[in-house]
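Chain C is fixed; fit chains W, D and Z onto it per the hints.
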Amino acid sequence: MSEMPAAARAVRRRATTEEVHEGPARATAYVCEAASCMSAQAHDITLRLGESAARAGLSDVMVKRVGCLGLCAAGPLVEIAETGRLFDHVRPDDVEGIVGALRKVKPTDTRASQGPFFEKQVRVATENMGRVDPESLDDYVAHGGYEALRTVLSEMTSAEVRDQITQSGLRGRGGAGFPTGLKWTTVAKAQGSQKYVICNADEGDPGAFMDRSVLESDPYRVLEGMTIAAFAVHATEGYVYCRAEYPLAVARLRNAIRMAQRAGWLGTGIADTSFSFDVQVRLGAGAFVCGEETALIASVEGRRGTPRPRPPYPAMQGLWDCPTLINNVETFANVPTILRKGAEWYAGIGLGKSKGTKVFALAGRIVNTGLVEVPMGMTLREVVYDIGGGIIDGRPFKAVQTGGPSGGCIPAEHLDMPLSYESLIEVGSFMGSGGLIVMDDTSCMVDVAKYFQDFCRDESCGKCVPCRVGTTQLWMILDQITRGRATLDDLAQLERLARMIQRMSLCGLGQGAPNPIFSTLRYFRDEYLAHIVDRVCPAGVCTIEPAEVMA
Amino acid sequence: MSKPRIATVWLDGCSGCHMSLIDLDERLLDIFERADLVYSPLVDFKDYPEDVDVCLVEGAVSSEDDLHKIKLVRERTRTLVSFGDCAVTSNVPGMRNPIGVGPLLDRAYIENVTLNPQLPSEIVPKLLPTATPVHRVVKVDVFLPGCPPSADLIYTMLDDLLSGRVPGVVGSRFGR
Amino acid sequence: MTTVFTFRIDGKDVAGSEGQTVMEVAEENGIDIPGLCHLEGIHDRGACRLCMVEIAGSPKLAAACMTKIAEGMDVTAHSDVLLEYRRTVTEMMFVERNHVCAVCVANNHCELQDMAEGLGVTHFDLPRISPKVDIDASHRLFAIDHNRCILCLRCVRVCDEIEGAHTWDVMHRGLETRVQTDMGIPWGESTTCTSCGKCVQVCPTGALFEKGRAVARGSKTKRPFLPWMKVVAEERGL
Amino acid sequence: MPVLYHKPPPPSDDKRWKIVETRMRRLGDRPPALIEALHAAQEAFGYLDTDALNYVGDTLGVPHSRVYGVATFYSFFTLKPSGEHTCVVCTGTACYINGAKDILAGLDRALHVKPKETTADGKISVLTARCLGACSLAPAVIVDGDVKGKVNVGDLVAQLEAM
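Residue numbers (my numbering), protein chains in the order written: chain C, 3 to 553; chain W, 348 to 523; chain D, -16 to 221; chain Z, 132 to 294.
Same shape as in the complex, but just chain C (with noise of 0.2 angstroms):
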């Protein structure tokens, strides 16, 4: 995929330009210029709402493109800062409306409630979003930018920063959960006059787009929680490893860097001190399994992206064979706000070990399809009715996948579970990089789980043997099943096959594989043998073949 949305084209074109106005404003509109809404003409609204103040002589108004909103599924979406008044699905011809609205803003305004979908939320790394201008980083300071960073260079320790990591209980937010503290400790403590950070953008859970968010609303934060870890486990150089389908997330990262760079937030001497640390960019080029850290470390190096086998885990041996500490998006996002807000107010939010925040992309048959970031411990029921708004056209609920292809699915019976990294996999699903994708009626559950299955050996990297071949035959004994042509015995081989997948690939690719069969298994193994007994499809998804068809 080689092309460029023309939402990004724009981006890169425009580059730097400044939109935001200076000095205070009594009225600012905030226009959401994220992918989405961008794919929905947004920037024509940030230009047309501009011209049309203009024309009106507001010249107290502000028109301010900003990150994500949220919102995604009511784009293009604008918003009175000063009112929390909130337009969505703004056409070319709402300007005018809109510039009303900006003209009655008093100064004793105050935002009104904007209903559970954003009140419910506790946003941490995504603080900035929908109020920053993501390519300007004078905003990002007036937010508070960098100040964890100059405190961080000026008055810590790299053990003591390590240590607030440690005790704000953040987690790996890429999916498994590993401490953060202790592979920022362990990276620190490892042999190695040369150490890098890498911030793991490649986000490929279909249905996830927390971090291509975060990077195209708030980059400059990514860039300051990477040089916080930096400082922390002595490192010099960085890499930012983003998939190339994300084309203004990286138009923006680019543009943060030059800017830090020149702000002298990144490169030699940051913040006057003696400290250095520089970032560059690495596109992916399509391939899932980058995300597994070992992959992940053999493209930054310019290679095929396969994995090996661990250990020697990159915390000791990474890229070049230095330790190199690798972190997601959204856990390189919290770190400026802990270090401001301290560890203890961070490790107050969360339920048990799941500590903080998780920023989740709903997606699927539900009505506000959108970004939200909310407390761990949460219920599924709140995120998916009271933030999500339920399911598109009040049917039933039938299945949350989380996740993505090393995820599972939760049924309705466990919509009052809250949220953390053990319950999911109590219930046989996985916290993954925070897609949450529901499912009504509509899906049938073995379909989704031969989906899954094509997804893994498509993006299979071909080097081990059970998930090469093995993705490929539980895809091969879920098509018969599909199609009404399996037995009993095919499916007592699948659990067997997926079993031994499980446990005997080389990655998190082939061990993740099976996940979503054993747990559409656990929960709607009726669906199964009605396609295998019965010979139906009970969501009409299936096409079951004609009975005398011969193996």
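Check before you lean on any hint, since a few could be wrong.
[Said to hold, decoys possible] EDC-like cross-link-like pairs, simulated, lysine to aspartate or glutamate; straight-line CA separation at most 16 angstroms:
#1 Z:K146 to Z:E174
#2 C:K355 to C:D460
#3 Z:K254 to Z:D233
#4 Z:K232 to C:D456
#5 C:K355 to C:E424
#6 W:K416 to W:D394
#7 D:K51 to D:E10
#8 W:K486 to C:E424
#9 D:K(-5) to D:E11
#10 Z:K149 to Z:D160
#11 W:K486 to D:D108
#12 W:K418 to W:D398
#13 W:K350 to W:D377
#14 W:K486 to C:D492
#15 Z:K247 to D:E159
#16 W:K393 to W:D372
#17 D:K194 to D:D119
#18 Z:K232 to C:D481
#19 Z:K247 to C:D460
#20 W:K486 to W:E422
#21 Z:K247 to Z:E215
Keep in mind the hints are simulated off the structure, nothing from the lab.
For chains W, D and Z alone, kept in the frame of chain C given last:
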């Protein structure tokens, strides 16, 4: 008590496994002292009888005729032996599987024929989409791989079966 | 001075030096751990998964060829579960492409065939994938039949690490993965191939073979190592 | 690691090679720059032909077989020129359960073109993407760089046929 009833069946294979069976030589006498041969391409019985104790199946399931036959055999047989590589893995008959029936027949009966090229449509049974191992169509009780399995192996297996022992993994290999 | 570790494999007390792998120490102690991508003298890659072993205290299985030994570790290299898994891996190798032992140049000299026999694989429960793959006989001396390739990548590694030509590499991914020469061009057109024959020598199956050998006549063990080096040298007047 | 041989000249005097050359030089003309260089070449020329692969490999000191291995590993790289117009169908989970399968089936029915193929007249290439991240617009497609959301198969086919 009557003697156990043995049958052998020849599906899509080269008959090499049956040749290997004949290689049992004088040991055949021993076998047929202890059992009756009730159906085989080597003897002249028209229909596969009921109530067979052991059947050796040579060859892959390749045609509709094979499919029909193996289902009948399975119904009427207590212990079904996949006899040789073609039955066990589909072996040489399976080499056509990546090609597909259409191109295969075209190549054999149209492209390479100069005089009156035509596809066979009568008498010969229709080919299945793929040549499959016997156990992918019906349940198989004993596997005897080998191309062909040696006479010694065949004897050991028959001896085991006729003595009421469960034949173990018999140390054969594909291809040999 | 090298540190010596003592530990256990299948209940047997063994010793090895720091830096050695479980596979190496097992071999020295006469414990056979199966493996097909492993070959002494080239780097291990832990890809065939036949050498997976249990290590007490770890929930995950580990590839013996890439696991460094440690003091006091307790390795189980043979168990019912491991045997079942190894059989399935072997089956997977057979059903992935089109292996027909009866007509293979490597029949009776094949490590995959030996593996199946050794593990007691009598048939394949898994359906064959039956992909349509190529045979490249464009090289003057050798040919490659991708039907028989199990992607152990010994050829790629020996060509890179020993011969230094790096003629072989891999292309595509997943089930489409193939070994290939130069820019995916026919082997005979390769400008980097030295015709040394090392790749043919190390191939565990009949995928890489010398031209002119009949079925079951591809034995690589009964002749001097790399005879083709001599042939090529003579041709070039060296 | 020094490069053992001289940097080769670009395959032609096409100015776009300059972009590729500069990208490689900035990254030190060393093997780790391979993927970045391939990105640069594909961005400049739309696809990667043998000339480009050879040039990049020779400049960076990467064996040809490895260049080819990398270029074919990543699905973002294409070794064939695409049609006049491209239609990228998102097959992410959200799009899948909202009907991406029907879109692909519809394209195949109407235009006889499957993913990664180009119509016989060379007009339209159909590609698939593993989630564009436009899940709120599901099912989504990108036609010549413009994202279209909540796609109706009939409308899409009509638009493509009119091109």
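We went through each hint and held it up to the structure:
1. Z:K146 to Z:E174: holds, 13 angstroms
2. C:K355 to C:D460: violated, 35 angstroms
3. Z:K254 to Z:D233: violated, 21 angstroms
4. Z:K232 to C:D456: This hinted pair holds, its Cα atoms lying about 13 angstroms apart.
5. C:K355 to C:E424: Holds: K355 (chain C) and E424 (chain C) sit about 8 angstroms apart, inside 16 angstroms.
6. W:K416 to W:D394: Distance ~10 angstroms between K416 (chain W) and D394 (chain W) Cα, so the pair holds.
7. D:K51 to D:E10: holds, 14 angstroms
8. W:K486 to C:E424: violated, 43 angstroms
9. D:K(-5) to D:E11: holds, 13 angstroms
10. Z:K149 to Z:D160: holds, 14 angstroms
11. W:K486 to D:D108: Holds: K486 (chain W) and D108 (chain D) sit about 11 angstroms apart, inside 16 angstroms.
12. W:K418 to W:D398: Holds, at roughly 14 angstroms.
13. W:K350 to W:D377: holds, 13 angstroms
14. W:K486 to C:D492: At roughly 13 angstroms apart (the allowed maximum being 16 angstroms), D492 (chain C) and K486 (chain W) satisfy the hint.
15. Z:K247 to D:E159: holds, 15 angstroms
16. W:K393 to W:D372: violated, 25 angstroms
17. D:K194 to D:D119: Distance of about 11 angstroms is within 16 angstroms: holds.
18. Z:K232 to C:D481: holds, 15 angstroms
19. Z:K247 to C:D460: Measuring from Cα to Cα gives roughly 14 angstroms; hence the hint holds.
20. W:K486 to W:E422: Between K486 (chain W) and E422 (chain W) the Cα gap is close to 10 angstroms, so the pair holds against 16 angstroms.
21. Z:K247 to Z:E215: Distance of about 14 angstroms is within 16 angstroms: holds.
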